[in-house]
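Counting in this note's numbering, the sequence shown runs from 1240 upward without gaps.
Hints are computed from structural coordinates only; laboratory data are not their basis. Small disclaimer: the values here were computed from a predicted structure and weren't measured. Just so you know, not all the hints are guaranteed correct.
Label pairs and their in silico Cβ distance ranges [claimed, not checked]:
| # | residue 1 | residue 2 | range |
| --- | --- | --- | --- |
| 1 | 1519 | 1289 | 17 to 27 angstroms |
| 2 | 1519 | 1423 | 19 to 29 angstroms |
| 3 | 1265 | 1513 | 43 to 53 angstroms |
| 4 | 1311 | 1456 | 43 to 53 angstroms |
| 5 | 1309 | 1416 | 32 to 42 angstroms |
| 6 | 1383 | 1532 | 31 to 41 angstroms |
| 7 | 1297 | 1338 | 23 to 33 angstroms |
| 8 | 1461 | 1548 | 17 to 27 angstroms |
| 9 | 1265 | 1461 | 38 to 48 angstroms |
Restricting the straight-line Cα-Cα distance to at most 25 angstroms, the calculated cross-link-like pairs of lysine to any residue (SDA-like) are [to be verified]:
| # | residue 1 | residue 2 |
| --- | --- | --- |
| 10 | 1441 | 1512 |
| 11 | 1331 | 1462 |
| 12 | 1331 | 1503 |
| 13 | 1331 | 1470 |
| 14 | 1543 | 1344 |
| 15 | 1331 | 1529 |
| 16 | 1543 | 1287 |
| 17 | 1441 | 1411 |
| 18 | 1441 | 1503 |
| 19 | 1441 | 1462 |
| 20 | 1441 | 1454 |
Glycine included, C-beta positions come from ideal geometry on N, C-alpha and C.
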Amino acid sequence: MLIGASTGLMFGGMPLPALSRARADDAVGTWPLWEGAPPGGGGPTGPEQISAHGAITNVSTPTLTIWRPERPNGAAMLVAGGGGYQRIQMQKEAEAAARWLIGLGVTAFTLAYRLPMEGWGAGRLAPFQDAQRAVRMIRHNAPALDLDPHRIGGVGFSAGGHLLGMTSARSHEAIYASADAIDVASSALDLNLLLYPIVTLKPPYDRTSTRRVLIGAHPTPEDSAMWSLETHIHRGLRPFFLTQAADDQISNPANTAILESACQQAAVSVERHLFPMGGHGFGMGIPGTETMTWPGLAESWMRKTGFIA
């Protein structure tokens, strides 16, 4: 059954429209993030394009897709796939993680965020505006969905890990003008689960699509620092869980080591797992490698933190 306006969900001060058809068979339905054009306007036209590998581009309407477990436990997770801010790996990463989460009783929300190179007026801020808005929308509607507003976490893969890590660490920053009552809610995440994330945009670990898209080919040191996650880690952030493979050729394993160190220096709880093999983009795990163990490790960590019972 679709969850829509009849359940009391709100878009600003107005009931949310009934959810449109979900992008995946196991999901309940999909919400637009913004009423009308997103901040800054612009962007592509027409439907999303889906690759043979399940990655999406041409995100003309940023959305949240909701996945409800049979027995919800009150916890929620925003899920962001990677793709170097040039595409979003929905099938292998975001949707696979959502299916795992609902098996744990966690309500999942997969995020189709704007891609900076698709002509948006907000430029590189566009995906970060969408992520902030998504957290606020979940928290604003938590009572109607029987969710605990203090148990809203994030699961991010690769560039999606950078996106949600920055959203968590910079939740206090206003990066768009308040649009409606949804934007009164906090955009802070209560838990941060990052898989092979892009963390630093500083040399010598800056040979990534994330760096090229967000700060260009020849950034200033100030720009590199401003868009590096470790710069923004501060006391009071909620726990981080990090996984990566030692043979990752895209996000150098130093990325999670740098983030782990920044968390430790700021007295932020952090747990890091480095697997010997798996490369980049192992999603929910590659059979025959230790990457298959990360979902179990993450579940144990979520129980240890009290996020789930």
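Here is what the structure says about each hint:
1. 1519 / 1289: 17 to 27 angstroms: holds (21 angstroms)
2. 1519 / 1423: 19 to 29 angstroms: violated (38 angstroms)
3. 1265 / 1513: 43 to 53 angstroms: Distance hint for residue 1265, residue 1513 is violated at roughly 31 angstroms.
4. 1311 / 1456: 43 to 53 angstroms: Holds - the Cβ-Cβ distance for residue 1311 and residue 1456, about 46 angstroms, lies within 43 to 53 angstroms.
5. 1309 / 1416: 32 to 42 angstroms: Once the Cβ atoms are compared, 39 angstroms apart, the range 32 to 42 angstroms for residue 1416 and residue 1309 holds.
6. 1383 / 1532: 31 to 41 angstroms: holds (36 angstroms)
7. 1297 / 1338: 23 to 33 angstroms: Check passed, 25 angstroms falls within 23 to 33 angstroms.
8. 1461 / 1548: 17 to 27 angstroms: Since the Cβ atoms of residue 1461 and residue 1548 sit about 45 angstroms apart, the hinted range of 17 to 27 angstroms is violated.
9. 1265 / 1461: 38 to 48 angstroms: holds (44 angstroms)
10. 1441 / 1512: With Cα atoms ~23 angstroms apart, residue 1441 and residue 1512 stay inside 25 angstroms; holds.
11. 1331 / 1462: violated (31 angstroms)
12. 1331 / 1503: violated (31 angstroms)
13. 1331 / 1470: Status violated; Cα separation ~30 angstroms.
14. 1543 / 1344: holds (16 angstroms)
15. 1331 / 1529: holds (18 angstroms)
16. 1543 / 1287: Outside the cut-off at roughly 39 angstroms; violated.
17. 1441 / 1411: Roughly 23 angstroms between the alpha carbons, so the hint for residue 1441 and residue 1411 holds.
18. 1441 / 1503: Distance ~20 angstroms between residue 1441 and residue 1503 Cα, so the pair holds.
19. 1441 / 1462: Answer holds: residue 1441 to residue 1462 is near 9 angstroms, not above 25 angstroms.
20. 1441 / 1454: holds (11 angstroms)
Hints 2, 3, 8, 11, 12, 13 and 16 from the list above are not met by this structure, while the remaining hints are.
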